[in-house]
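Student: Residue numbers (our numbering), protein chains in the order written: chain A, 1 to 359; chain B, 1 to 384; chain C, 1 to 416.
Simulated from the structure, these hints should not be mistaken for laboratory data.
We treat Cβ as the ideally placed atom computed from N, Cα and C, and that holds for glycine.
Treat the hints with care, since some could be wrong.
What the hints assert, rightly or not - Facing chain A, from chain C, some residues (calculated, C-beta under 7 Å):
id : residue
1  : Gly105
2  : Gly117
3  : Thr123
4  : Thr228
5  : Ser229
6  : Gly363
To be verified - Some residues of chain C that are not near chain A, with every Cβ distance over 10 Å (derived):
id : residue
7  : Gly13
8  : Glu82
9  : Arg161
10 : Ile191
11 : Ser222
12 : Arg247
13 : Leu264
14 : Thr323
15 : Phe333
Spelled out, the chains give:
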Amino acid sequence: MKRDSLLLGIAATALIAGAAHSGSITAVSWGGAYTKSQVEGYHKPWTAATGHVVVSEDYNGGLAEVKSQVEAGNVTWDIVDLEMSDAVRGCDEGLFETIDPGILPAGADGMAAEDDFINGAITECAVANIVWSTIFAYDNSVLTDGPETIADFFDLEKFSGKRGLRKGPKATLELALAADGVSADQIYEVLGTPEGVDRAFAKLDSIKDQVIWREAGSQPPQLLADGEVVMTTAYNGRIFNAVAAEDKPFTIVWDSQIFDTDLWAIPVGAPNRDLALEFLVFSTAIEQLAAQASYISYGPARKSSMPLVGSFHSKPDLMMGPHMPTAPENFATAIANDFEFWADNQDELNERFNAWLAS
Amino acid sequence: MVEVSAVEISGVDKAKERRKTLSDASEKSEFVVFERVQKSYDGETLVVKDLNLTMARGEFLTLLGPSGSGKTTCLMMLAGFETATHGDIFLAGRPINNIPPYKRGIGMVFQNYALFPHMTVGENLSFPLEVRKLGKSEREEKVKKALDMVKMVGFEKRRPAQLSGGQQQRIALARALVFEPELILMDEPLGALDKQLREHMQFEIKHLHERLGITVVYVTHDQSEALTMSDRIAVFNDGVIQQLSNPDDLYERPENAFVAQFIGENNRLKGTIESLNGKIVHVAFDDGCQSKALAVNCGGKGSRTTLSIRPERVALGWDEESNTTRGEVLELTYLGDHIRYRMNVHGNPDFVLRLPNTSGHAELAVGESAKISWKSEDCRALDP
Amino acid sequence: MSDSVNPILAADGTPLKKKLGQALFRSRVQAFGLVVPLLAFVIVSFIVPIVVLLWQGIHDSRYAELMPGSTLALSKWDGITEPTEEMYSALVADLIEARKQKTIGKVATRVNRELSGTRSLFTSTARRAARLAAPYKDALVEVNVAWGEIETWQAMKVASRVYTPGYLLAALDFSLSADGTVTRKPENRRIHIKLFLRTLEISVVVTVACLFLGYPIAYLLSSLPLRTSNILLILVLLPFWTSLLVRTTSWIAMLQAQGVMNDLFVAFGITGDDDRFSLIYNKTGTLIAMTHILLPFMILPLYSVMKAIPPSYVRAAKSMGATDWTAFWRVYFPQSVPGIGAGVLLVFILAIGYYITPALVGGQDGQMISNIIDFHMRKSLNWNLAAAIGLVLLVIILALFWIYDRIVGIDNLKLG
Numbered sequence: 001m002k003r004d005s006l007l008l009g010i011a012a013t014a015l016i017a018g019a020a021h022s023g024s025i026t027a028v029s030w031g032g033a034y035t036k037s038q039v040e041g042y043h044k045p046w047t048a049a050t051g052h053v054v055v056s057e058d059y060n061g062g063l064a065e066v067k068s069q070v071e072a073g074n075v076t077w078d079i080v081d082l083e084m085s086d087a088v089r090g091c092d093e094g095l096f097e098t099i100d101p102g103i104l105p106a107g108a109d110g111m112a113a114e115d116d117f118i119n120g121a122i123t124e125c126a127v128a129n130i131v132w133s134t135i136f137a138y139d140n141s142v143l144t145d146g147p148e149t150i151a152d153f154f155d156l157e158k159f160s161g162k163r164g165l166r167k168g169p170k171a172t173l174e175l176a177l178a179a180d181g182v183s184a185d186q187i188y189e190v191l192g193t194p195e196g197v198d199r200a201f202a203k204l205d206s207i208k209d210q211v212i213w214r215e216a217g218s219q220p221p222q223l224l225a226d227g228e229v230v231m232t233t234a235y236n237g238r239i240f241n242a243v244a245a246e247d248k249p250f251t252i253v254w255d256s257q258i259f260d261t262d263l264w265a266i267p268v269g270a271p272n273r274d275l276a277l278e279f280l281v282f283s284t285a286i287e288q289l290a291a292q293a294s295y296i297s298y299g300p301a302r303k304s305s306m307p308l309v310g311s312f313h314s315k316p317d318l319m320m321g322p323h324m325p326t327a328p329e330n331f332a333t334a335i336a337n338d339f340e341f342w343a344d345n346q347d348e349l350n351e352r353f354n355a356w357l358a359s
Numbered sequence: 001m002v003e004v005s006a007v008e009i010s011g012v013d014k015a016k017e018r019r020k021t022l023s024d025a026s027e028k029s030e031f032v033v034f035e036r037v038q039k040s041y042d043g044e045t046l047v048v049k050d051l052n053l054t055m056a057r058g059e060f061l062t063l064l065g066p067s068g069s070g071k072t073t074c075l076m077m078l079a080g081f082e083t084a085t086h087g088d089i090f091l092a093g094r095p096i097n098n099i100p101p102y103k104r105g106i107g108m109v110f111q112n113y114a115l116f117p118h119m120t121v122g123e124n125l126s127f128p129l130e131v132r133k134l135g136k137s138e139r140e141e142k143v144k145k146a147l148d149m150v151k152m153v154g155f156e157k158r159r160p161a162q163l164s165g166g167q168q169q170r171i172a173l174a175r176a177l178v179f180e181p182e183l184i185l186m187d188e189p190l191g192a193l194d195k196q197l198r199e200h201m202q203f204e205i206k207h208l209h210e211r212l213g214i215t216v217v218y219v220t221h222d223q224s225e226a227l228t229m230s231d232r233i234a235v236f237n238d239g240v241i242q243q244l245s246n247p248d249d250l251y252e253r254p255e256n257a258f259v260a261q262f263i264g265e266n267n268r269l270k271g272t273i274e275s276l277n278g279k280i281v282h283v284a285f286d287d288g289c290q291s292k293a294l295a296v297n298c299g300g301k302g303s304r305t306t307l308s309i310r311p312e313r314v315a316l317g318w319d320e321e322s323n324t325t326r327g328e329v330l331e332l333t334y335l336g337d338h339i340r341y342r343m344n345v346h347g348n349p350d351f352v353l354r355l356p357n358t359s360g361h362a363e364l365a366v367g368e369s370a371k372i373s374w375k376s377e378d379c380r381a382l383d384p
Numbered sequence: 001m002s003d004s005v006n007p008i009l010a011a012d013g014t015p016l017k018k019k020l021g022q023a024l025f026r027s028r029v030q031a032f033g034l035v036v037p038l039l040a041f042v043i044v045s046f047i048v049p050i051v052v053l054l055w056q057g058i059h060d061s062r063y064a065e066l067m068p069g070s071t072l073a074l075s076k077w078d079g080i081t082e083p084t085e086e087m088y089s090a091l092v093a094d095l096i097e098a099r100k101q102k103t104i105g106k107v108a109t110r111v112n113r114e115l116s117g118t119r120s121l122f123t124s125t126a127r128r129a130a131r132l133a134a135p136y137k138d139a140l141v142e143v144n145v146a147w148g149e150i151e152t153w154q155a156m157k158v159a160s161r162v163y164t165p166g167y168l169l170a171a172l173d174f175s176l177s178a179d180g181t182v183t184r185k186p187e188n189r190r191i192h193i194k195l196f197l198r199t200l201e202i203s204v205v206v207t208v209a210c211l212f213l214g215y216p217i218a219y220l221l222s223s224l225p226l227r228t229s230n231i232l233l234i235l236v237l238l239p240f241w242t243s244l245l246v247r248t249t250s251w252i253a254m255l256q257a258q259g260v261m262n263d264l265f266v267a268f269g270i271t272g273d274d275d276r277f278s279l280i281y282n283k284t285g286t287l288i289a290m291t292h293i294l295l296p297f298m299i300l301p302l303y304s305v306m307k308a309i310p311p312s313y314v315r316a317a318k319s320m321g322a323t324d325w326t327a328f329w330r331v332y333f334p335q336s337v338p339g340i341g342a343g344v345l346l347v348f349i350l351a352i353g354y355y356i357t358p359a360l361v362g363g364q365d366g367q368m369i370s371n372i373i374d375f376h377m378r379k380s381l382n383w384n385l386a387a388a389i390g391l392v393l394l395v396i397i398l399a400l401f402w403i404y405d406r407i408v409g410i411d412n413l414k415l416g
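Could you put the whole structure together from the sequences, leaning on the hints where they help?
Tutor: Following this line, the structure appears as structure tokens:
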């Protein structure tokens, strides 16, 4: 992936050789199909329009690298794709440049950018590009009469077999409460009390023996394909790609999906700060967000982009709309990830979760 | 003492046959027997070719030869660390091909002594007694006796690394003797010592051998060591015993050119046999001159031969009964008790003449043409 | 020996000892000069970073630096009585400044480590701090009732200490309160001691497994001709040369429930098709994978030591009447002990700090202490706690070294 975009960058540089203002920025993202969607949706059009080159780098999320670069005064990254909680936290710690929302292009009918973006997608230091979600999926060739609700995921009697879960309290505790009957809008309220935390862990206890814990986002499709688990939580784009691109017999259960946004942010002291800002504005425009959505089933963060979302890039008859987390039929019981809650409680809940895992 | 658990059928038959025919006397003279033994490591070349060797009880036999000649392989086959590819080895009348080394009861001294570095001298010595399940007091007694034998009493608590090379050598010897084996094998045991110590140890080993009456098979590539110590010497080359005889025969009556050259200093002259007259042959050198020689190991008229003359058997001056010729002095070396002249004789520029440094001896200068002579019986016609 | 009253003099009258010292000085300086570049490199790239990092385990000046007024006010407070108006006003002044300097996130993160939930309290209050007016106590409580609770202030007081044993205590599952008392954490939050013990257990098992698997291999290698042993040595080193991903993928393919090993077990009737063994994503997986990857570290020192043991020792033992086993056990084995010592120490030290392999194949009960350090380094960004756990780990390793030295002797070590 990285090499592809690098080659592309070289080719583009060759094409516009002699152009006066050709520069290059380093964009850091999560790799795999996700970075590919950004290369197709943002990087290539930007290079075509401006002659500037985007060099892709992969990372595994988190603020550790940005933090060490900024604190050492040796920043090599120009723009970083982040989860919401990291974007907010990094901003509070002064790791990212503040971004004036006024520079973002307006929406479809001249609607201000701040209104066009979905709620909370523009923060002090970062601008969202996609909406992704944590869902769970199963192999429909194994479970022909598959699970339909999150309660089924925790029901070992109805569906026996191993479950895949991400090794961490985030999303895991929410799902446990949802399966225990807490409604989507009450989740964080309940989780904010000691009894709620106990309740979530008690629910997890009921399936603990049957859980295979994973860390990387690329693992769930593999675990399903290998038959290691009968169902697993996953990022919806990964499962969609396994189905669309590799024809895997997986089905996504959207009940109690937990959606979150990914955002672009520019580290303080980025070597090509102005170009990076230019790229950020370009890539969060309506068309670009819509274009990247035809490579992966993560929803565009702008309302105006939704109508423009077409079909999967390699399958003209596979429309992307119904596979987006934001599609109405998927969204009924959706839980909005509360980054504030996690910023406040992750130390304690991580500790509790790790202790629970090790016991 | 030695138990045979599984012996191949032919071996058993041979052993029975042998035991039947062996009287006490022949058992004594046939203590160790190699019978048509061959050894190959790679299946392509033979390291030991058809070896036949018989050793008497109490004998000190040295296997002498250059490295790679097969002498160590023979020793290892006898010790049981290598197996013969073909043939049988008998010890005291018993075939030992299928007896593991630890049941053979053969003492061994290794080139690097192989003293166990993690044990003290005392522990090293009592090791063979321990594995024989001897009691503590008996062990201590025997260890003390063995140390006494090599004059190393008082060193029990030392580690091998704290001993000098000569002391280690003595301990290695004591360890090989302590369990009173009838046969001791020594694999170049003095190779790591300096010259003086080596000569000293040669006599000590020799004396121990005489005192204890044990049988020793000794491997070395040092011919003077072999000559000093041995009852008999087997000269190895290329996997074959070239000559097996006592030291003076070996030196004075070598049977082929290799032995003549390998043992002591030797002058070689190449020529063609002109005529045969009983034990005496006439040999023509390539420069046309002639000499008479003792026919030992040579072909008939017209065949090539190598004449071997010991340097001390060449005389200065002419003598009616001897073969006479001239040699040009190329170099002289003063060696104290004698003077060594290097000459060009019949085209051989390495012809050596040794003159005792007696008072009034003749003096030759470099470049001088000297008259020299040798007796026909001191000049042996050998294989080319 | 030497006469202490009249020291031996050199030809020019100076004492011989002094003269010798002068003569040796030059060569010492030269030797030192040769080492200097490496020494400088090691200090700059290894020792300094480690010391700086470990320093963070007991030193955290974030709050004190960023909230100087509040720190001063807190230092005068006893931690039990009602917080004073002075403390409130100092806090507001500091919050306004921290908001301006964009350092409020750091402050909030720091206090949040002492009391969960205070992060948003700090960031949201800081946003409105500039608009607050005296009396600040009432104003702050109106913004958030949490400002009226003494726990909040106690957390701030703990956070305001520059030198703190808090992280080290946390690394050992204790917590430090504002009045300096130390208490054990509640049962369901104790994690580190458990992981330290498990780390030691896994390391010991892996080391023993490596020794039992590696010893015969090393013995075989050392007794083969050089050409053959070199080829086999390449096979031994193969795990070094394969990428982590390839290795992990093959472990998964071999060990997973539908993998090769389980298929074989089912085929041979060792287990039923519905009752396959869990060989990966648990402690078993960690043990198998770590033994595999660490095996070369056992084999190589063993091999190099065994290679140097002349075959004549065993031959000598056998010629003296020792059976194969006695010759091995009494003569060969003791001489291979330095190799065992080196291999065991190497594997154990490497194992105790392992984290990638357990992270990939360890599942829930195959995690080790380094995984928690990694977690705090990369995910929670609590470098102080990571440093404190690292410090504890370092102390444990040094203690084990010391015990090893007492039992085996460090000079009995041979690395090749």
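Student: Against each hint, give a clear statement of whether it holds in the structure.
Tutor: Verification of the supplied hints:
{"no.": "1", "hint": "Gly105", "in the structure": "holds (2 Å)"}
{"no.": "2", "hint": "Gly117", "in the structure": "holds (5 Å)"}
{"no.": "3", "hint": "Thr123", "in the structure": "holds (6 Å)"}
{"no.": "4", "hint": "Thr228", "in the structure": "violated (38 Å)"}
{"no.": "5", "hint": "Ser229", "in the structure": "violated (38 Å)"}
{"no.": "6", "hint": "Gly363", "in the structure": "holds (6 Å)"}
{"no.": "7", "hint": "Gly13", "in the structure": "holds (59 Å)"}
{"no.": "8", "hint": "Glu82", "in the structure": "holds (25 Å)"}
{"no.": "9", "hint": "Arg161", "in the structure": "holds (18 Å)"}
{"no.": "10", "hint": "Ile191", "in the structure": "violated (4 Å)"}
{"no.": "11", "hint": "Ser222", "in the structure": "holds (40 Å)"}
{"no.": "12", "hint": "Arg247", "in the structure": "holds (15 Å)"}
{"no.": "13", "hint": "Leu264", "in the structure": "holds (16 Å)"}
{"no.": "14", "hint": "Thr323", "in the structure": "holds (49 Å)"}
{"no.": "15", "hint": "Phe333", "in the structure": "holds (39 Å)"}
Checked against the numbered hints listed earlier, the structure breaks hints 4, 5, 10; every other hint is satisfied.
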